[in-house]
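Given chain P, put chain L in place with the hints provided.
There are 2 protein chains.
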Amino acid sequence: MEAFFEPRGVAVIGASTTPGKIGHEVLRSIVESSYSGNVYAVNPKAEEILGVRSMPSLDGIDDVDLAVVVLPAGKAFNAVTMACDAGAGAAVIVSGGFSELGGAGEVVQNSIVEKARSCGMRIIGPNCIGIYNPHNGLDTFFQPREVMLRPEPGPVAFMTQSGTYGCTILEGLEEEGVGVSRFVSYGNKADIDEVDFLEYLRSDDTTNVIAAYIEGLERGEEFFEALRTITPTKPFVAVKAGMTEAGATAAKSHTGALAGDYNVFKGVLGQAGGILADDVEDLIDTVKVLSMQPVPEGGRVVMVTNGVGPCVIAADQIYSSRHLEMATLSEGSAASLRMDLPDFMVVDNPVDLTGSATADHFTKALDALYEDDNVDIVVPFFVIQDAPLHSTIDGILDYFKERVPKTTVIVASGGPVTRMVSSALQEVGIPVVPTASRAMTALERAAWYNGWRSRRQND
Amino acid sequence: MEAFFEPRGVAVIGASTTPGKIGHEVLRSIVESSYSGNVYAVNPKAEEILGVRSMPSLDGIDDVDLAVVVLPAGKAFNAVTMACDAGAGAAVIVSGGFSELGGAGEVVQNSIVEKARSCGMRIIGPNCIGIYNPHNGLDTFFQPREVMLRPEPGPVAFMTQSGTYGCTILEGLEEEGVGVSRFVSYGNKADIDEVDFLEYLRSDDTTNVIAAYIEGLERGEEFFEALRTITPTKPFVAVKAGMTEAGATAAKSHTGALAGDYNVFKGVLGQAGGILADDVEDLIDTVKVLSMQPVPEGGRVVMVTNGVGPCVIAADQIYSSRHLEMATLSEGSAASLRMDLPDFMVVDNPVDLTGSATADHFTKALDALYEDDNVDIVVPFFVIQDAPLHSTIDGILDYFKERVPKTTVIVASGGPVTRMVSSALQEVGIPVVPTASRAMTALERAAWYNGWRSRRQND
Chain P
452 MEAFFEPRGV
462 AVIGASTTPG
472 KIGHEVLRSI
482 VESSYSGNVY
492 AVNPKAEEIL
502 GVRSMPSLDG
512 IDDVDLAVVV
522 LPAGKAFNAV
532 TMACDAGAGA
542 AVIVSGGFSE
552 LGGAGEVVQN
562 SIVEKARSCG
572 MRIIGPNCIG
582 IYNPHNGLDT
592 FFQPREVMLR
602 PEPGPVAFMT
612 QSGTYGCTIL
622 EGLEEEGVGV
632 SRFVSYGNKA
642 DIDEVDFLEY
652 LRSDDTTNVI
662 AAYIEGLERG
672 EEFFEALRTI
682 TPTKPFVAVK
692 AGMTEAGATA
702 AKSHTGALAG
712 DYNVFKGVLG
722 QAGGILADDV
732 EDLIDTVKVL
742 SMQPVPEGGR
752 VVMVTNGVGP
762 CVIAADQIYS
772 SRHLEMATLS
782 EGSAASLRMD
792 LPDFMVVDNP
802 VDLTGSATAD
812 HFTKALDALY
822 EDDNVDIVVP
832 FFVIQDAPLH
842 STIDGILDYF
852 KERVPKTTVI
862 VASGGPVTRM
872 VSSALQEVGI
882 PVVPTASRAM
892 TALERAAWYN
902 GWRSRRQND
Chain L
452 MEAFFEPRGV
462 AVIGASTTPG
472 KIGHEVLRSI
482 VESSYSGNVY
492 AVNPKAEEIL
502 GVRSMPSLDG
512 IDDVDLAVVV
522 LPAGKAFNAV
532 TMACDAGAGA
542 AVIVSGGFSE
552 LGGAGEVVQN
562 SIVEKARSCG
572 MRIIGPNCIG
582 IYNPHNGLDT
592 FFQPREVMLR
602 PEPGPVAFMT
612 QSGTYGCTIL
622 EGLEEEGVGV
632 SRFVSYGNKA
642 DIDEVDFLEY
652 LRSDDTTNVI
662 AAYIEGLERG
672 EEFFEALRTI
682 TPTKPFVAVK
692 AGMTEAGATA
702 AKSHTGALAG
712 DYNVFKGVLG
722 QAGGILADDV
732 EDLIDTVKVL
742 SMQPVPEGGR
752 VVMVTNGVGP
762 CVIAADQIYS
772 SRHLEMATLS
782 EGSAASLRMD
792 LPDFMVVDNP
802 VDLTGSATAD
812 HFTKALDALY
822 EDDNVDIVVP
832 FFVIQDAPLH
842 STIDGILDYF
852 KERVPKTTVI
862 VASGGPVTRM
872 VSSALQEVGI
882 PVVPTASRAM
892 TALERAAWYN
902 GWRSRRQND
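Residue numbers (my numbering), protein chains in the order written: chain P, 452 to 910; chain L, 452 to 910.
Only chain P is shown next, with the shape it has when bound in the complex:
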């Protein structure tokens, strides 16, 4: 795997001189990255592309660990042979037109894998966007940097069958302030698949949380075996597509994967400590909470707010949840809240500080709630738009800069100002989720994971 993420040199086989073409943009992504190894282009018709020496072959080059193949399926075998001959240990095949089409495409794909095995080279793809290592900046994307943001380095590894979900989830993570350790889009997984990647991540020190978009698993048993050894220390969150017959058919024409039975997948995943998210937003929210906050030590939630509307939706969801419950304030904290707060504020769960609440009211309430032994999770619902809160918002930021003693997730949504404040809150480590239902879903998953891990530790 190191040949993929930390290659001495990289060659783009099928580099193009034409901007907008995949063979041009992959090379540009590498050239414009902070990656400091040697970069080569293979294109017999050019002498130089984007400032990189272009050659008809890799003859005489001895530091290419990673070959990125962007040639049509018909020419891919020769490209892989060239990479083998140059001693590359790894190849990313971006191009499509292989097993996902069946027939000849499948035959070509198999011959490529055979060739790679014969020379000890591993393959990611074909039909994928390849890899991204935020720590050295290297990626193999045909999505230009000015069009697609790359996340900062951070604790979340992300593996995906679909390149499209690769793009949208990576940008989603970047926008949500979640840093990434390793990224792989594995497409048709002719060689490397989820199992290889999971096993690699187990001992990857840069990764604390693992996110995955999965269509189908060919090596289900090995996958769950690998997973069971990881989840006690690193939470794993997946979205699974191809739940229904129609979805499974679409998945098959996508990357040739067999989707398998969704319910079986769900059951086995849960037994192995893996979290199943319903969709991409759910995945990002859950990963955000798990990567920024400690796993909650229980499911008792208290809410505190200057606008109680969304707490009603949250209360509905908590009440229907098997893993969360409404915390009952201890007599001590209820009494101290009543003493500290004006009479028109409601001391209950939710603690309703009303639209008049300033940062000072919030921090007094939070102090009491963090002290309360009946509380595992604190959820401040901020209406940042309200003038009394917005005009004192620095008090909130200062408060959260200190260590927060219990799992805390903020709910807030709105326009540019709310987003700016939310970013500032996330920079001090408190995740902000835009809606009550999304926050509660993420917390439900975190609370479930806590329960699973506790049972596992007691086994």
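Warning: the hint list may mix true and false statements.
Which copy is meant is left open, so a pair is good if it fits within one copy or across any two.
[Stated by the list, open to error] Within a straight-line C-alpha distance of at most 20 Å, the following computed EDC-like cross-link-like pairs (lysine to aspartate or glutamate) qualify:
#1 Lys472 to Asp794
#2 Lys472 to Asp845
#3 Lys472 to Asp811
To be clear, the hints were calculated from the coordinates, so they are not data collected in a lab.
Showing chain L alone in chain P's frame:
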């Protein structure tokens, strides 16, 4: 109602000189709006606030149609009396501390309503953020403009019990490019409630679609009666809170509303042609699709994409839906697609144009799909980040500038560039929804509404 939305003059009773206080910020919102009527401040201790004449009372003022009360509950009765005496036809009571606290608060609220009735004045609130009329710029919000965006004028009326949801949904609509006709946050609804507002909207020419956040209905029968007369021409989409016991309790302490039984609500709402959204995002997505696009004439969906991953999730959802189905391409359109597109693109549903797709491939495919009699709804899934598409994106924008003959919803998500392109697409009238599942949910609701409306017309 016109006294609320089109008053000759507005008085803020309880205006404050202190920035950040509610009584200051409400006045500032009015002063800084484009509203052109006279504005007055009532505060015995000031002579002028924010350039507005401040007085101890409204004596001698005769053009105040709307009074906005921002005094504590104990002083609200006198304020309402003052407004009555000045001949105001409408009052918004922003302050809380009334029936939501029970006891004395409830008594005060009742006495205020009695007073207002005696002088023919209508009340919105208390415990609310009041109204917004995008057509003249008037709002009664204590959320400053620099902190909370106001939507442009447009076809969607929005009514909400919760002021917080008022803020977040209004900003959500603004950010999603959905224009608003009328907004009311009615809080404790001491006087005006959902029924009054619905009846007003029936004949309001600026409103084509109605969105609502509802906690409880006191006048359920009248509400559904009013609704039945509106939904044949104006779709109605609601989020309902207080589904469970815990939620209902939270709702009660919020605005004193009784939540009622969720399942009963759901059933009766559906019979009356109303759409029940699961949460705020669902509400905004559905309202966006219904306000920007024609109601689909059936549920047969075709997808076309340069990145098929999210189509797998969509196919799952379509397959599980009672109102959508996967369209089967007609032989004619399948043949013409095969002729027009390169061999490696997959002509099926989804039409997979692959990562190599340019705008030209998309527009050829769209032409065929719009012609296809087996298709009711066209959903392009764009990976705008892919260089071949991004470098030709103007071709897509030009295409959609022409009239689009069938209900069309785009799925695309990503960072700043994707958002910019999405805004441009929405400006030419095509809604863009960030995830496959959210798009399918909105379309499912639109297809259900089409079915309901057809059955109703045939009755």
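These are the hints, each one checked on the structure:
1. Lys472 to Asp794: between (66 Å within a copy, 18 Å between copies)
2. Lys472 to Asp845: Answer is between; shortest inter-copy Cα gap is 17 Å, intra-copy 48 Å.
3. Lys472 to Asp811: between (56 Å within a copy, 14 Å between copies)
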